[in-house]
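Asker: Okay, here's what each chain looks like letter by letter:
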Amino acid sequence: MKTAAAAIADNPWLAQRARIARVTPEVPGVATYHLRLVDAQRHAQYAFQPGQFNMLYLPGVGEVAISLSAGAEQQGTWDHTIRAAGSVTRALAQLPVGAELGLRGPYGAGWPLTECAGRDVIVVAGGLGLAPLRPAIHALLAEPKRWGRIHLLLGARTADSLLYPGERSAWERSGLAAQTTVDRATPDWTGNVGVVPLLVDRLAGFDPARAIMFICGPEVMMRYTIRSALKRGIAAERIWLSLERNMQCAVGLCGHCQFGPAFICQDGPVLRSDRIAPFLDVEGL
Amino acid sequence: MDRTDLLQELAALRFTASLPAAALERLAAVATVARYAAGARIFREGSTNDRLMIIRRGRVALDMCVPGRGEVRILSLAAGDLLAWSALLGAGRMTATATALEETEVLAIPAAEIATACRDPDFGYAWMQRLAAALAERLLATRLQLLDLFADAEPVARD
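Sequence order for the protein chains is A and B. Note that my numbering has the first sequence beginning at 543, numbered continuously upward. Note that my numbering has the second sequence beginning at 0, numbered continuously upward.
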């Protein structure tokens with residue numbers, strides 16, 4: 543007779559039970575949900591690649607694709623940083639600690655960390671786009687001698703919507719060079735003002751010939767960040783971005799997330815810029 | 000800083016790096032270094048300024064005065080960025096207030112010297128091409144800022 547765990551492994555449609563162990567409010571409207579799989583063995587065996595996502599399921603409400611924002615090596619839980627925006631995420635935001643939800647995953651292709659070896663790594667994030675990049679930053683900072691310099695260029699609408707402020711300070715103490723910018727400055731803000739691609743235009747302390755870039759944020763921001771990166775001499779095949787589309791099955795069957803030749807749920811969400819750049823300018827895609 | 004050092008600086012700065020050597024020579028002949036302490040006003044909105052500047056080191060904030068809201072910060076600039084282009088194109092009347100956010104050094108070039116040099120078609124074409132490119136970048140950045148992309152951005156959760 544099959545165990546429940548084996549059945550889940552065999553059937554990508556079956557969700558496993560996860561419990562909200564903790565909720566960390568991040569910025570207005572955004573919180574990190576620290577999830578623990580109810581089956582302790584499954585919890586211990588779960589593994590993901592930075593950049594991959596899970597489908598989180600609320601019975602009677604629906605399912606939503608959410609990238610993991612931290613692995614269990616950080617706080618013992620599988621973390622998802624979520625903005626309450628749609629029907630599922632708004633319902634999720636109402637759940638108390640201890641509530642259960644369904645989880646299936648991880649799915650998709652993550653950030654190509656092995657390609658970072660010996661290279662300067664430039665991580666570019668806009669708004670909540672830092673969440674799917676956070677596990678990659680954790681992995682990079684865990685083995686700093688494998689890479690060159692690590693830069694983080696982070697933009698947000700306002701200073702109080704810059705994610706993970708305390709953790710970013712710790713990253714900087716670990717050797718990450720961080721720059722932040724905001725679109726709207728409050729009188730007390732003395733940092734940069736302006737859009738994220740400007741930080742790429744001005745970035746110093748990296749070798750374009752051996753640099754690799756990871757980008758996640760609003761699609762228009764990513765498009766112009768790619769343009770700035772190309773102008774700085776970073777090769778298109780070393781620029782990677784995480785895309786978001788309407789992911790429903792998460793296993794490449796339903797076609798809802800098709801983007802040109804790629805299924806975002808399976809070929810992405812992390813894709814190489816030269817493979818999808820022509821489709822980023824296509825209206826309606 | 001002597002002329003050779005200025006020439007090297009101009010050849011390395013993002014705004015001027017792509018200019019031909021002869022154009023850099025002309026700029027180096029008239030450029031001077033100006034230093035500003037953190038918090039110092041470089042120029043005020045509405046004032047007249049006759050020098051165009053390229054930031055060499057540090058960061059500069061641009062603010063515009065809005066009645067009822069006070070000074071609103073619209074942009075910050077850093078090394079390699081052009082500052083005070085209205086000295087050349089706007090009859091010298093500054094459209095924003097510039098403040099050094101940290102200890103800042105700029106290469107200051109008299110606008111009148113550039114205007115004179117621009118009568119030489121080779122210099123004028125190279126300079127205006129570079130200036131137009133810099134202003135186009137600034138315009139694009141302003142458009143992206145106007146789009147307010149993070150206002151409703153949900154890059155990891157849409158349902």
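These aren't lab readings, by the way, just hints derived from the structure by calculation. Check the hints yourself; a few may be wrong.
Here chain A is said to cover these stretches of chain B; the calculated rule only asks that three of the stretch's residues, wherever they fall, bring their Cβ under 8 Å from a Cβ of chain A [as the list claims (entries may be wrong)]:
id: 1; segment: 18-26
id: 2; segment: 62-74
id: 3; segment: 78-89
Listing some non-contacts, in silico: residues in chain B with all C-beta distances to chain A over 10 Å [as the list claims (entries may be wrong)]:
id: 4; residue: Arg13
id: 5; residue: Ala36
id: 6; residue: Phe42
id: 7; residue: Arg58
id: 8; residue: Glu104
id: 9; residue: Ala111
id: 10; residue: Asp119
id: 11; residue: Met127
id: 12; residue: Ala131
id: 13; residue: Phe149
id: 14; residue: Ala150
Note that CB positions come from ideal geometry on N, CA and C, so glycine has one too.
Asker: For every hint, state whether the structure bears it out.
Answerer: Cross-check of the supplied hints:
As drawn, the segment 18-26 of chain B meets chain A at 0 residues by the rule of a beta-carbon pair under 8 Å; below three, the given contact is violated. With 6 residues carrying a beta carbon less than 8 Å from a beta carbon of chain A, the segment 62-74 of chain B meets the three-residue requirement, and the given coverage holds. Interface restraint, the segment 78-89 of chain B with chain A: holds (3 residues with C-beta to C-beta distance below 8 Å; minimum three). At roughly 7 Å, the least C-beta separation between Arg13 (chain B) and chain A is not larger than 10 Å, which violates its mark as non-interface.
The beta carbon of Ala36 (chain B) is kept farther than 10 Å from every beta carbon of chain A, the shortest such distance being approximately 14 Å. Chain A leaves Phe42 (chain B) outside its interface by the beta-carbon criterion, the shortest separation being 18 Å against a cut-off of 10 Å. Remark: the non-interface label on Arg58 (chain B) conflicts with the geometry, its nearest Cβ contact in chain A lying 7 Å away (cut-off 10 Å). The beta carbon of Glu104 (chain B) is kept farther than 10 Å from every beta carbon of chain A, the shortest such distance being approximately 15 Å.
Against chain A, the non-interface label of Ala111 (chain B) holds: every CB pair exceeds 10 Å, the least being about 29 Å. With 10 Å as the threshold on Cβ separation, the claim that Asp119 (chain B) sits away from chain A holds: the shortest Cβ distance comes to roughly 28 Å. Every Cβ of chain A is farther than 10 Å from the Cβ of Met127 (chain B); the closest lies at roughly 20 Å, confirming the non-interface assignment. Distance check for Ala131 (chain B) against chain A: the nearest CB is about 16 Å away, which clears 10 Å, and the non-interface claim stands.
Distance to chain A contradicts Phe149 (chain B) as a non-interface residue, since its nearest Cβ pair spans about 4 Å, not more than 10 Å. The non-interface label for Ala150 (chain B) is inconsistent with chain A: the shortest C-beta to C-beta separation is roughly 6 Å, within 10 Å.
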